[in-house]
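Once you've looked at the hints, go ahead and assemble the two chains, each given alone in its own frame, into the complex.
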Amino acid sequence: MSLSAAYAMSLPVARESMEIEERNDLDIISEVLEGNTDEFGRLIDRHREHVFRIVGRRVPREGIDEVAHDVFVRAWSSLASYRGESPFQWWLSKIAVRTCHDYWRERYRSKETPMSSLGEKHADWLENTIAGEPEISFDRSESRMIARDVVMRALAHLSPADRAVIELVHLEERPAREAADLLGWSVVNIKVRAHRSRKKLKKILDKMEER
Amino acid sequence: MNHNERDRIDRLLAAGWRGAGEISPGEDWKAGVMATIRTASAAVEPSSTNGFSSLVLRVSIAAAAAAIALVAWTLSTGIVSYQDLAVKLLDDPASMLFSSPFV
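Chains as they are written, first to last, in numbering that gives the first Met the number 0: chain Y, 0 to 210; chain G, 0 to 102.
One or more of the hints may lead you astray.
Said to hold, decoys possible - Listed below are several chain G residues computed to face chain Y (Cβ distance under 8 Å; list not exhaustive):
| hint | residue |
| --- | --- |
| 1 | L11 |
| 2 | A14 |
| 3 | W16 |
| 4 | V32 |
| 5 | R37 |
| 6 | A39 |
| 7 | S40 |
These are computed hints drawn from the structure, not numbers from a lab.
Everything numeric in this text was worked out from a predicted model, so none of it was measured.
Ideal Cβ positions, reconstructed from N, Cα and C, are used throughout, including at glycine.
Bound-form chain G, shown alone (with noise of 0.2 Å):
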């Protein structure tokens, strides 16, 4: 096949390819979209939704709040090394949590 040649059928194809999809669906199809889209939305609860996202939102802002926290306190008392934190940290892990950190 030939250049020309290939380039007719490559025309012709492209035509009949694109000359189908006139289709147009009925009302029928359109109910069963909506439907599908009813029982979803019900089966969605947005209050659940809502809350589980506000409540990750405060829990995110409570950690980065204690992570600045605990950066000030290392940086306050002297402590670079993690090794250092830890073995404070499981030494008396009450008083290193509660004390102030800009002591």
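Bound-form chain Y, shown alone (with noise of 0.2 Å):
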């Protein structure tokens, strides 16, 4: 039975328009496999979005092209251990959200990672906020990507896989056993280190926030 085949059979009839989709990513993983390399592309094509979403959020501006590129590489390189037990977008985004990871534990190596302190428009954003009006002196856009900025430089603080387990768990919202299955970790590891990450993540936005 070919994989397109077992994928087709094993899925309820209810989600019949995903089946369709996943069958046509399937026939595409199908031809890649035999030899036919030039047909991953229609993969990059489906999936770019999707990966550039993942990636754009946890990688600082200059490094997301070339993190998308490792993804979209491993998936390459390792399509054939891809069973269709689930969608080819979650097997693809366990790739994107552990490259991330291991880009981030890269740095950490080095000493890498960014320690700036908050800058002025920072602090009195921050100031605004916990007075409730963080619409004072910014507009939406403007206080969204300060938002982002704060966050990115507190992150900077954590371990990666504090890091990880922060961005899954607590500003994705996403449920413990997901994040796991995302990580490739247990569902234990990743409650018992949401929960310290959280604590720590707390400690540095008191601190900024006193600066």
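Written as structure tokens, this is what we have:
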């Protein structure tokens, strides 16, 4: 039985539209595995926005292209291990999250993580936000950009593992089971680390606010 | 910072964080990925890989058959000690390996 046929049989009828989408992905994957490398470009077209969304949140702007590149190269090299048990996009998400984690692990080892303190604008934003009036001096999009800056600076003080858990569990509000699947860790590990890293982030934000 | 203030900041930080990542890559980027993949694909020689894996498979089957034959031989001759087996093997390895295990 072909990979696509096995996957199609395992899906419930209610997920018919998803089935068609996934069957198409599986057809493309079969072709790539048979040696038609160019077909992989179709998978890139279908899923690059999804991958860029994951990577774009986790990695500084200057590193996004390179990390997304690595995600697809890794996906291609381990394509034979994709069994079609979950949607291809989910499988790709795991690779993307883990590649971003590796990106930070590399920088953490070489002490390349940015540790700059908050600028005046960020301090004002924090102060206004605490007072419940973030819109006083900042419009919505500026406020959002500053919020991103603040969270990125705070995350830079965490270890890569703590960072990964904070991103998945607290910032994206994913269940521990989902975070565990994405990172390839145990649910218990995720829960314990989520609790500890939350405390660490709180301390970092408190320090930022004091400055 | 009290609990409500902390919650408010958390919500704003999460919104700011989730709002990022709306970047669409250009065709140059895709071409770069495909170039890497094509280079890697050309470097892999599927025939030699398949040949090696089938060789490993054949050797594994032969090794498994030899192990089963050896076990059968030790059971039929009543040798239970590994030392006895080693002595017999070192003493006359050729006749031990080529003699029928069922005699």
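So, going through the hints one by one against the coordinates:
1. L11: Holds, because the Cβ-Cβ distance from L11(G) to chain Y comes to roughly 5 Å (cut-off 8 Å).
2. A14: It holds, given that the least Cβ distance between A14(G) and chain Y is near 6 Å, below 8 Å.
3. W16: It holds, given that the least Cβ distance between W16(G) and chain Y is near 5 Å, below 8 Å.
4. V32: Hint holds; V32(G) Cβ to chain Y Cβ min 5 Å, cut 8 Å.
5. R37: 6 Å, holds
6. A39: 7 Å, holds
7. S40: Where the cut-off is 8 Å and the nearest Cβ of chain Y is about 5 Å from S40(G), the hint holds.
Comparing the model with each numbered hint stated earlier shows that all of them hold.
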